[in-house]
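Once you have looked at the hints, place chain V on chain Z.
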Amino acid sequence: MMRWPLRITLSGLLVLLIAGALLSLVQGAMNLPAVESLLSIIDSIFETQLSQLDSYQRIVVVELRLPRMLMAILVGAILAQCGAVMQGLFRNPLADPGIIGVSSGAAVGAIVAIVWLADSLGTWSIPMSAFVGGLVTTLLVYGLAQSKNGTSVLILLLAGIAISAFAGSAIGFISYFTDDQKLRALSLWQMGSLTGASVTNLAIALCTLLALSIAFQRQAGALDALLIGEPEARHLGIAVEKLKLQLILLTAIGVGVAVSCAGIIGFVGLVVPHLVRLTTGPSHHSLLPLCALCGAVLMLIADLLARTVVQPAELPVGLVTALLGAPFFLVLLIQQRKYWNG
Amino acid sequence: MKKPFYHFVIPGLLVLSLFSFRLYADDDPIRLISTDAFVTELLFSLNADEYLVAVDVTSKLPDDYRPLANIGYHRTLSAEAILNLRPTQVIGSEFIGPPEVLSVLHHADINLIQLPSALTAEQLRSNITTLAKTVSRQKSATQLLEHMGMQMKLLQEKPLKNTRMAFLLSISPDTLRLAGNNTNGNAFIALTQADNVAAFNNYQNVSAESLLALKPEIIVVAGRDPENAVAEVLAANPILKHTPAGQNAQIIAIDGNTLVAGLSPSAIDEALILVNSIEARIPR
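Protein chains in written order, with the numbering used here: chain Z, 1 to 342; chain V, 1 to 284.
If we strip away everything but chain V, and leave its shape as in the complex, we get:
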């Protein structure tokens, strides 16, 4: 009795598998690997996340998103693992590596796209345009860029010119990590057109005393928990109440996740919220 059953099932399965292979080969031409958080975020903003087959360890995916392979840290990629995922494009920052892996990808004809992480709105725009071309999402890009343009215009209408701003990265409340030049924090300050109080490069730990001496009029605290960030920083460093920012209640928290990998569309939204809230506190 078993034989006729197999006569049907095996050819049937064969036909099915061929059919599914055809479907797969035709309808899924783009296979993307994103190796940087900002690339993943932009792909989501462009509604192109459906092409993702793997992301790096820093990329944030929405909760209960379909499971994606994780290719680890973008500086220590494994060439074999990437080849195994058969991507058409690998997109990441200029820090993607190691170089040996890149040359293997090159030999395997995998398109490697390196975008500099954005520290200016211009760079962000150019990243969006380049990415949109890669994934054929020019229409989404136009909408996104239009929205960004409007936000930027609103920001320019309320410039915080000649205002001394300090940008603190809140890792733990008692460490004051101040943003200098060439940082995401500085890029955020530039969006509001305020002046950065710090004159050094990169992020540096500073003492409460030196922050007091810098006389910031606005202190931005970027952390994962914007609701409690200000209270925590002030509890650990009560002396900050004596800065101009502290005296005028201008110590303001923003969502640090929007700045993890340079400027993003949501960081521009965040800058606008900040500027509006400052205006609400002191009518100028």
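If we strip away everything but chain Z, and leave its shape as in the complex, we get:
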């Protein structure tokens, strides 16, 4: 199979990331001069007076576009890496970060917060409740898959599907009996949005991304070994049980943070790892950082489109990720078709 050299993919993605980030900062509903917009960010960091923009125009760049751009990068990078790890752990190309029940649990948490907790914790009630819901569901799924022979990946997968179905019907029940306003709030939350980016949740997302990237990278060799098979990995001296628990917990935390910052964002975690594998190969040492970059680029472009395509209105970013990524993925698949056998 023909693959792109690592260096080309890496530099290509970096160029795309920087271009996307700059474009995100200078494009939007408001038509602002690009150079002035970028200068206003330098102003806000170094307290200089280089930019000629009015104060409300600075707000647009510094308080609206910049946090969203950063959040898009962080969420995309977290979700794509978690997806790669889950596909590696489950040795299943259809695994996505939600497979251990974290997304559906988070959705239940969010609807509980929307319907019953809305006023008790203020703006933090939905993210907190979503995070707790996601983590509890993952622990439940993990607990169900325990036996005296260790954790069964098959049971983990099936339990995840069953719990997701259960969560789906719980959401259905609650939303059936709630009023239209709350129903709308939930359905919008499920489409994802980066509007809520603030200093606090950007800091949380950044710490999560750094911690996950380091922890995942340290297990990259073990994940590669796991590709041959679980018993084989065990014979190679890898503590498979410990590895599973660690990776599942880290993924649950990563996806939980991403979901509570931005709602449900589909597709990034499922397809970005495939995109990277198709272009540069399956070794987790290169796969994980490239996935982070590629996920960030996809989210950046998706959010840029979400903000600008129907302006002055705005699309939910979760709708755009799939719209954007799916055709690209299909083209890659078709290109690779000649290498398939049987």
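There's no promise every hint is true.
Said to hold, decoys possible - Pulled a few chain Z residues facing chain V out of the computed Cβ check, cut under 7 angstroms:
| # | residue |
| --- | --- |
| 1 | 28 |
| 2 | 29 |
| 3 | 33 |
| 4 | 36 |
| 5 | 56 |
| 6 | 64 |
| 7 | 183 |
| 8 | 188 |
| 9 | 195 |
| 10 | 196 |
| 11 | 239 |
| 12 | 241 |
| 13 | 311 |
Just so you know, the hints here were simulated from the structure itself, not pulled from any lab data. Cβ atoms here follow ideal geometry from the backbone N, Cα and C, with glycine treated the same way.
Showing chain V alone in chain Z's frame:
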């Protein structure tokens, strides 16, 4: 030969553009964004629609109205897009959001006015008064409130007290979506002073059988197509003919558009039409 031409044109254009800027700056002080259908409707009733620069996706504008920017759904507004439209006021319901956008509007000194969507005639009156003050249309408001007062008086003269009424939202004929408490439908029933047969909250889908058991004496069908709504509902649920309302031909359609975002002046007109038509059918 070209040069003298430009000598005239460029200064001329400059003067013109300055002039138009002056005109614009002086004569158009109010720039409104309405983020809810009921706000847009009230602005039209108050003849203040000329100030609108943008509306939300639910707002209904008259056919061949001047093109207005559409700012999308009121819960997912874009702060940047709103700032770009340079509004003086943003008017919407209590559900306008997300909160981050509201705080940006606050920092940008844009006046945000949140009116609760009206489920009572009192709330409707207070919304009209607040809006009229914002757009300096007190005179139109007085006329509108006087008209409303007269309609309400007529309604009170013909109360449907102790009458069991069911309010169906006709989305599709075979779905019976019954209005419970805290709904526009319930607010409409309250205008006629009838009793709502449903005891639950919000709109709920009910079976024809349970509607039969509730024994409504009047069934109101609110839909987009009032002319065919009753026939469609009866065709899909023939058993409703056996309700008291069906037996006395008291299944009546109203124009659902008047109730999309709570009570409106036209919903009160609609209630009066309903009460009159019931009186015409059974002299009481």
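Verification of the supplied hints:
Given the 7 angstroms rule on beta carbons, the hint for residue 28(Z) holds: about 5 angstroms separates it from the nearest Cβ of chain V. Checking residue 29(Z) against chain V: minimum C-beta separation of about 4 angstroms stays under 7 angstroms; hint holds. Checking residue 33(Z) against chain V: minimum C-beta separation of about 14 angstroms lies over 7 angstroms; hint violated. Interface restraint check: residue 36(Z) against chain V, minimum CB-CB distance 15 angstroms, threshold 7 angstroms, status violated.
Taking 7 angstroms as the C-beta cut-off, the interface hint given for residue 56(Z) holds, the closest approach to chain V being about 5 angstroms. A least Cβ separation of about 5 angstroms between residue 64(Z) and chain V falls short of the 7 angstroms threshold, and the interface hint therefore holds. Using the Cβ-Cβ criterion of 7 angstroms, the hint placing residue 183(Z) at the interface with chain V is not satisfied: the shortest such distance is roughly 9 angstroms. Interface restraint check: residue 188(Z) against chain V, minimum CB-CB distance 6 angstroms, threshold 7 angstroms, status holds.
A distance limit of 7 angstroms between C-beta atoms decides the matter here; for residue 195(Z) the minimum to chain V is near 5 angstroms, and the interface restraint holds. With 7 angstroms as the threshold, the beta carbon of residue 196(Z) comes within range of chain V, its nearest partner Cβ sitting at about 6 angstroms, so the hint holds. Residue-level restraint check for residue 239(Z) is violated (minimum Cβ-Cβ distance to chain V is 44 angstroms; threshold 7 angstroms). For the restraint placing residue 241(Z) at the interface with chain V, the shortest Cβ-Cβ distance is roughly 43 angstroms, beyond the 7 angstroms limit, so the hint is violated.
Checking residue 311(Z) against chain V by beta carbon gives a least distance of about 5 angstroms; that is within 7 angstroms, so the hint holds.
Violation of the numbered hints given earlier is confined to hints 3, 4, 7, 11, 12; the remaining hints are satisfied by the structure.
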